[in-house]
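Please model the entire structure based on the sequences and the hints provided.
Here the protein sequences come in this chain order: A and B. Number 315 in the numbering used here belongs to position 313 of the first sequence; there are no gaps in the numbering. Number 1084 in the numbering used here belongs to position 35 of the second sequence; there are no gaps in the numbering.
Bear in mind the hints are in silico, worked out from the structure with no lab data behind them. Hints should not be assumed to be uniformly reliable.
Only part of the chain B face toward chain A is listed, based on derived beta-carbon distances under 8 Å [claimed, not checked]:
1) L1058
2) L1061
3) T1086
4) I1088
5) I1119
6) E1122
7) V1132
8) I1145
9) P1161
10) G1174
11) F1175
So, partial list: chain A residues that the calculated Cβ filter (under 8 Å) puts toward chain B [as the list claims (entries may be wrong)]:
12) A13
13) R21
14) D39
15) Q126
16) T136
17) L141
18) A150
19) T158
20) Y160
21) T248
22) Y250
23) L256
24) R260
This one's a predicted model, so the numbers in the text were calculated from it and none came from an experiment. Ideal Cβ placement from N, Cα and C applies to all residues, glycine included.
For reference, the chains in residue letters:
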Amino acid sequence: MNLRKVAVVGAGMTQFVRRAKETPQELAYKAVRTALDSCELTLNDIEAVCLGTAPDSFDGFHMNGEYLSQAAGAFRKPYMRSFVGGGTGVFVPIQGWYHVASGLFDVVLVVAEEKMSSYYPHAQAAFLTIFDHTIERPLKPNLLWIFALEMNRYMTTYGLSKADIARVSVLHKRNAADHPCALLGDTTITVEDVLQSETLAWPVQRLDVSPISDGAVALVLAAEHVARRITDKPVWIEGVGWCLDTAYWTNRDLAYPRYVEKAAKMAYEMAGIKEPRKEIHIAEPYDPFDYKVLHHLEGLQLAERGKSIELYLNGDAERTGNLPICPSGGLLGVGNPIAAAGLMKVAELFWQLRGEAGQRQVPGNPKRGLAQAWGDLMQVGTVIILGR
Amino acid sequence: MQKNPYVNLISLTEDDFNSGHVLFRHDELNAVYAWDTGIAIGHFLGGLKAGIILGTYCANCRKTVTPPRIFCEWCFRPMQGFVQLSDTGIVNTFSICYVTWDVKRISEPEIPAVIEIDGASPGHGFLHKLGEVSPAEVQIGMRVQAVWKPPEERSGSITDILYFRKI
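Here it is in structure tokens:
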């Protein structure tokens, strides 16, 4: 395949907040304007726009992509919205990548926006329609069920304790204290705080979960010959992968995300990575719940099955450790405006690999990072590998 | 030149809404549907009305799945036919849930579970609830059986099974 090299050359993001006064359009505009300013481009330099935003039900109107188009910089340009549930935030830069790698466009904007707070009384209810209307919804399920069911299967299969899993939440929320956009940064949180928090759907407790949030993130992608004129520090997209498992989630092995494995292997092969545990220097796996990070690290082949918790117990997961995990603070700490949260992880890799992550900077000049998101009915894995 | 890539927002609280500090508009959407059950789930619901649990069998993969579907996603061939399964099974996983769909608190927890149905291939089952059991007693791997509504009350719905109980 004759693909062109594609770089990330600019990034910008809004704060993640529980409830923003700004409309979805205003959120998207702020992130896009900042991303363009970061690489000193104007909208005239942008040839196409890729947008990611999660279900229309959050916003309460149909065709949210069309509503957002001009705020995403897509006025009179080729434009397309992609949507794979929670996996969207990492899928939308993949979409941007193939727009450029294919040779069709040289400079593309990638935008992810989410405003979850409009839904009343609680955004969780907007997720109810992901369940099968005939054989699941009559049981009056709620979104927490599927996470609680998967978490229980995972921790029981490998004999993990709630106290160990809580270490994930603690590290991410502490990391987030260094992120200027974070909603839930907390330098003093302890494992005990997580274990004492309200039980929502055992084994899931309040502090095992990421918050409902509003926010937006944007990246600028460019083909190699243009990227080198825009910046001295392009960050290359070295590999991408995505995969969907069956929607019959009660027929799957809930202890192991096979679809994440397949997505990761696709990305590793493209990036020429043979030994991911040595060759990935920073990982931003999707962390809407603390156990999900562990689950994903195993699917990503960054830990043996049932053993990823050791990265947290032995300090490897810290910014100064051997495999820093979610140095941004992740969804558990920065916040979880669905599509924007996934793209925030890709933006974090961009800043980390350029040495621009400020107080969050991982030491040792990291050269390569991986971001991953997950979603739909617990069935999609989306993976991107960035390097310099 | 490196500009600050982080933008501040105006962050609102619930109080801002309740006290009228901000302008907003409240509305309700009307979304009403009549969903067709389709072929496979139509049979499945008919089975539940008769007090039996159905799956479908793929002759190529030698796999029996439930909930039933008319095609096999592994080999993408049509399923050979419906198979009557047992109304017993094992708990694959469960949760003890203290909140409703709109995050209201409930004191008597619900126990949703994935039940692997006897007669289906290993690991195949569906979502339901457990009953007649205290949360402390529930375990993954526990054997359970469906508790059915009386025949005259069944309507061809997943709720024709009231819950699964420990056996």
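These are the hints, each one checked on the structure:
Of the supplied interface hints, the one on B/L1058 holds, with its beta-carbon coming within about 5 Å of a beta-carbon of chain A, less than 8 Å. Proximity of B/L1061 to chain A holds as hinted, the smallest CB-CB distance being about 5 Å (cut-off 8 Å). With its C-beta approaching chain A no nearer than about 6 Å, B/T1086 sits inside the 8 Å limit, and its interface hint holds. For B/I1088, the suggested interface contact is broken, since its CB lies about 12 Å from the closest CB of chain A, more than 8 Å.
The interface hint given for B/I1119 is violated, since its Cβ lies 13 Å from the closest Cβ of chain A, which is over the 8 Å cut-off. With a cut of 8 Å, the hint placing B/E1122 at the interface with chain A holds, because the nearest CB-to-CB distance is about 5 Å. Below 8 Å, beta-carbon pairs count as interface contacts, and B/V1132 has none with chain A, the closest being about 15 Å; its hint is therefore violated. Checking B/I1145 against chain A: minimum C-beta separation of about 4 Å stays under 8 Å; hint holds.
Annotation: B/P1161 was flagged as interfacial toward chain A, and the flag holds, the nearest CB pair being 5 Å apart, inside 8 Å. Because the closest C-beta pair between B/G1174 and chain A is about 5 Å apart, less than 8 Å, the hint holds. Against a cut-off of 8 Å between C-beta atoms, the interface hint on B/F1175 holds, since the closest Cβ of chain A lies about 5 Å away. Nearest Cβ of chain B to the Cβ of A/A13: about 6 Å, under the 8 Å cut. The hint holds.
Taking 8 Å as the C-beta cut-off, the interface hint given for A/R21 holds, the closest approach to chain B being about 5 Å. Residue-level restraint check for A/D39 holds (minimum Cβ-Cβ distance to chain B is 5 Å; threshold 8 Å). The interface hint given for A/Q126 is met, as the beta carbon of that residue sits about 6 Å from the closest beta carbon of chain B, less than 8 Å. Of the supplied interface hints, the one on A/T136 holds, with its beta-carbon coming within about 5 Å of a beta-carbon of chain B, less than 8 Å.
Hint on A/L141 holds. Least Cβ distance to chain B is approximately 6 Å, under the 8 Å limit. Using the Cβ-Cβ criterion of 8 Å, the hint placing A/A150 at the interface with chain B is satisfied: the shortest such distance is roughly 3 Å. A distance limit of 8 Å between C-beta atoms decides the matter here; for A/T158 the minimum to chain B is near 5 Å, and the interface restraint holds. For A/Y160, the shortest C-beta to C-beta distance to chain B is roughly 12 Å, which exceeds 8 Å, and the interface hint is violated.
A cut of 8 Å between beta carbons decides the hint on A/T248: the least distance to chain B is about 5 Å, and the hint holds. Look at A/Y250: its Cβ gets to within about 7 Å of chain B, closer than 8 Å, so that hint holds up. Interface hint status for A/L256: upheld, as the beta-carbon distance to the closest one in chain B is roughly 6 Å, under 8 Å. For the restraint placing A/R260 at the interface with chain B, the shortest Cβ-Cβ distance is roughly 12 Å, beyond the 8 Å limit, so the hint is violated.
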